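Q: What follows is each chain in one-letter form.
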Amino acid sequence: MKAVFLCGGIGKRMHPITEDKFMLKFLGKTLLEHQIETAIKAGIKDFVIICNPFNEEKIKNYLHPLKLKVEFALQKEPKGMADAIINAEEFLDGEIIVVNPNDVFEVTAYEKILDSRRSGCDAVLLGFKVDSYFSGGYFKLDGKGEFVGIAEKPGEGNEPSDLVNIVVHYHKDAKKFISHLKKLVSENDDVYEKTLGVMAADGNKIKVVTYTGYWFAIKYPWHILEIAKYFLDKEYGRISKTAKISPRATIEGKVIIEDNVRVFEGATIKGPCHIGKNSVIGTDVLVWNYSHIGDYCVVGYSTEVKHSFIGDNCWFHSNYIGDSIIANSCFFGAKTVTANYRFDEKTVKVNVGDKRIDTGLDKLGAIMGDDCKTGINASIMPGVKIGPNSIVGPGVVLDKDLESNKTISVEQQYLIKDNTIKYTSKKEELMKRLLKGK
Amino acid sequence: MKAVFLCGGIGKRMHPITEDKFMLKFLGKTLLEHQIETAIKAGIKDFVIICNPFNEEKIKNYLHPLKLKVEFALQKEPKGMADAIINAEEFLDGEIIVVNPNDVFEVTAYEKILDSRRSGCDAVLLGFKVDSYFSGGYFKLDGKGEFVGIAEKPGEGNEPSDLVNIVVHYHKDAKKFISHLKKLVSENDDVYEKTLGVMAADGNKIKVVTYTGYWFAIKYPWHILEIAKYFLDKEYGRISKTAKISPRATIEGKVIIEDNVRVFEGATIKGPCHIGKNSVIGTDVLVWNYSHIGDYCVVGYSTEVKHSFIGDNCWFHSNYIGDSIIANSCFFGAKTVTANYRFDEKTVKVNVGDKRIDTGLDKLGAIMGDDCKTGINASIMPGVKIGPNSIVGPGVVLDKDLESNKTISVEQQYLIKDNTIKYTSKKEELMKRLLKGK
Amino acid sequence: MKAVFLCGGIGKRMHPITEDKFMLKFLGKTLLEHQIETAIKAGIKDFVIICNPFNEEKIKNYLHPLKLKVEFALQKEPKGMADAIINAEEFLDGEIIVVNPNDVFEVTAYEKILDSRRSGCDAVLLGFKVDSYFSGGYFKLDGKGEFVGIAEKPGEGNEPSDLVNIVVHYHKDAKKFISHLKKLVSENDDVYEKTLGVMAADGNKIKVVTYTGYWFAIKYPWHILEIAKYFLDKEYGRISKTAKISPRATIEGKVIIEDNVRVFEGATIKGPCHIGKNSVIGTDVLVWNYSHIGDYCVVGYSTEVKHSFIGDNCWFHSNYIGDSIIANSCFFGAKTVTANYRFDEKTVKVNVGDKRIDTGLDKLGAIMGDDCKTGINASIMPGVKIGPNSIVGPGVVLDKDLESNKTISVEQQYLIKDNTIKYTSKKEELMKRLLKGK
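Chains as they are written, first to last, in the numbering used here: chain C, 4 to 441; chain V, 4 to 441; chain X, 4 to 441.
Be careful, since some hints might not be right.
Identical copies carry no separate label here, and so any pair may be met within one copy or between two of them.
What the hints assert, rightly or not - Here are the simulated lysine to any residue pairs, SDA-like style, with alpha carbons at most 20 Å apart:
hint, residue 1, residue 2
1, Lys61, Thr21
2, Lys247, Gly274
3, Lys420, Asp404
4, Lys349, Asp421
Calculated directly from the structure, the hints in this document are not laboratory data. This one's a predicted model, so the numbers in the text were calculated from it and none came from an experiment.
Produce the entire structure from the sequences given, and follow the hints as far as they go.
A: Right under this line is the structure:
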């Protein structure tokens, strides 16, 4: 039995987050590593990772130290699941479980699949029970509850069942499945799904098992916050022995503090929160409400990080970072603020491609790619996206998205005049009042 | 003996504070309730409240739970004191004390009046001894010190005495007084005062008693700070048993903390101060110097509130609120600042109607009506007034008043260029330095 | 033996710092006092201070209370060292040591000079051994290592030796030396240096002793930070008995806290740092990294001062002051920030006269003269100079130098519209969430 992870796709809707979704790090591990751990818990020992030319090297570097039984296939172009599996043909034989690593789910998903295959099915598919419309594939079942096919995005009201297709799919005979995949010709990237329908029609026994545990599919950047919450909720709190925490700091609730973290006097961390290894939480900083901070970050004096996901190697300084997603190696000027709430109290909308997507979130801050910088006293409005390697200048009020590799600055109109003020020195008096505490 | 409270007037000079002055809440009670308590302390048990159509319902709602012996009269239009009393005629008989609830004074004021009436006067008026000019009504007395009349705003140097008229007036026979009021015809709203003069001339015995206790008449919005100070000075400190105070918070001096308040770690409250019920004082917040915060407020992380009056249901977040008056349900974006001191160190001027009034105050911040919002990094200059339901956008430097129901935003001129910076990565080095504490 | 301090010059490159360099105060004493103390440690008891008309009075006022054996000469115009000494002729006889008080060095410099003169030299000069080019005077020595002359700014690669001339110069016979000085005519201000060469050629015995201890010549304003570091490194930590330190404050490392200082709750001072007498370090303030704060300063709530030199009588309020030099009596509006790091991570450049000087510093903030003010939310960019008595308005992003006696304000383009937002009140819900800690 091999688990086959489909890592060859490209998440276009994740801009400005350029990292592959499954390579985002939660609690110090990539999502892919978490997925592999889940599979291992279910008893799976052999892995096939189908990479693309851009991530192959990086994935190998991450997985190599784990000493897994893992093989790597290469999908040269992102042409869908069927293409991916066909590209991995040489590694696939007998039983396989095909997994989309951008779907986050619990070990019970594997367990249900593995239990069901004992009944001698040719394939077992995972169906997540929904009670409201989800824009994905729905299972079509016949009168006896047998699998018939998959309806992609049927539209609300037209759902053929209440079971959404999650790609945790068992196939009894990989070679046979691949030969089916090769037979089908389609102009869309739905060969995989259609093939399942064809196989069912041909008399193959394909079962759908219902899954009711946690499931979340990362589609948009703000979904990262949801995944961070999931991992934070799952884990126990822990403070590494190598972390140095000032006795004047406050650590409250479930907080995960990794190796070599330093927490300075007056800092407050209210869990659930994660502080990655070698990061510094500075004097009087507040980190709270499902904030997830990566490695080698410096959260400088008087910064608040609330319900935000911060990558590695970011620097903050007297900022407010609320409900934001900040990728790696970003540098914030002192007193840059992310706004996270609209004046009209409506849910925050975000541009994705050429669409304006309603996130459904009351509160959402900035979404910032790798290697960005902001100037002092900059203001970033709710749901604004900033492309990698861009700079938001001091004093800018940014209420539109900023492309990658750009700098934006504000051209102020100055008025310079002679200073004609004659002071009647009151400072001394003020000082006296202050010394009296008034 | 009934105390008659004149609550039918409208305080035009209080804009943008729309609440009736006597309905402003100090230490959790409306000023009117405080006034009634003062009267009760002096032995008065029956009350007549003369409302107007706009405040009748609200006043009744406030006073109902107090289970007082109270009757309500309605003054349909704000046509002055005489009109008010004539409108309340049906409730008035025998001895009354007419009180302007916007004048704040001590119980001794009542006691002096009540003592004096024993000498058989038709009326006893309260005279506040001033040593500098006050723009109000002055008592005119004859050679024997008997009341002759009232000179309204005589102008500095023309004061007929050093006694200013405070409307805490005893009348022995309400019906008779009302019949006098009805007789006099005037185009101004001075019928009440003139009637007293007429009555004196007619041989009625009208006495003026001198009062030297606390007295303050709320006329302009910034006077609210003075009244807050009065109540804070009067009261003992207390912390409700239902309040939750972090052991890492500092509470110093005379602080009144009401029910269900939460004070977070690192917060500092330096009395005299009041924190209304259900309010939250967040992490690292500083509240000090006669600040008076209402109910259900959230003073978020790293905010300073200094010598300010804050209504109910306000939200702050990393703000500086200094010497400001903020009405109910205002919402401040992170790092909005109120300036409270002029560059030229002169006293702060405020627009009232079409006049520019010198407040005489070195320090005065913003004056903000109900339901306002500010954006992140907004700046509000000293003495600026913001009308109810208005919004000051992010990054705005507001140095003029803003009308009600408006939004003001700044149109920045941006310069967007390609980011051509080639980094020689110094971050790692910086990190090392920081870890060494440099 | 008299030490002769040349205090008549004017440091043009120090703008906007108008104080004479040797009158800048470190650890509560002027640099001149420190220099005199160093001389006293070396056994010198008699002093001649050569002033100019602008500083004579002030220097006398400072030195008078010290009860030194000191005489004052007046150099009417800043015409160089020879002119200075000739002007002080009446006070000079026998052995003298001529000292430039803008050079900071250790007592061993005097000791080396004093030791060497015992060998019967006519003059002993101090040579600082450098291993990279310094833009100053280099000693020219003959084959036997005997002094021949001084080469002013020879240019890199043309240095006649590795010994730079520091003006700590012994002369055996002042009168004789002065007669030499008077003989030489030069159009430049190099009479002093040339005279030494002439004397050597005439057979006078002039020795150069090599000095390897600490030496720093203040030339540009940012050099003040270097001198502050020197004094802070030299001194032990101490906290005056009259200082009041909140038990909730953190004092860490070598910190010098002078008389009557107050440190409020939540404040953190991480040495090496100096807090001058009567200064106030407010609630939640952070002072660290070789910050040197003068007397009568108020560092208000939530301010960070990092690696900065602050004169006397300055006021801060929720600011970030990093790597900055702030002269006396400056007043910062709330949330003014000094940027100290360039987006391109290059070293900071500063305008000096009509040149652009590379400071060689990765981090440098603002350089501000006496009596300046800033408005709320103002932003000052790295290396920007602000002339004395100037004002930076609220919201200004200052990326150019500002002359003396100016005000700069930003003219924002406003957009005022009707507020048409209809709220579906979510505040209550938000409040509930917050009370649950979410």
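Q: How would you label the pair Lys349, Asp421 (within, between, both, or neither) given a Cα cut-off of 20 Å?
A: between (46 Å within a copy, 18 Å between copies)
Q: Give the relationship of Lys247 and Gly274 under a CA distance limit of 20 Å: within one copy only, between copies only, both, or neither.
A: both (18 Å within a copy, 19 Å between copies)
Q: At most 20 Å between C-alpha atoms: does Lys420 with Asp404 qualify within a copy, between copies, both, or neither?
A: between (36 Å within a copy, 14 Å between copies)
Q: Treating 20 Å as the Cα threshold, decide for Lys61 and Thr21: within, between, both or neither.
A: within (13 Å within a copy, 57 Å between copies)
Checked against the numbered hints given earlier, the structure satisfies every one of them.
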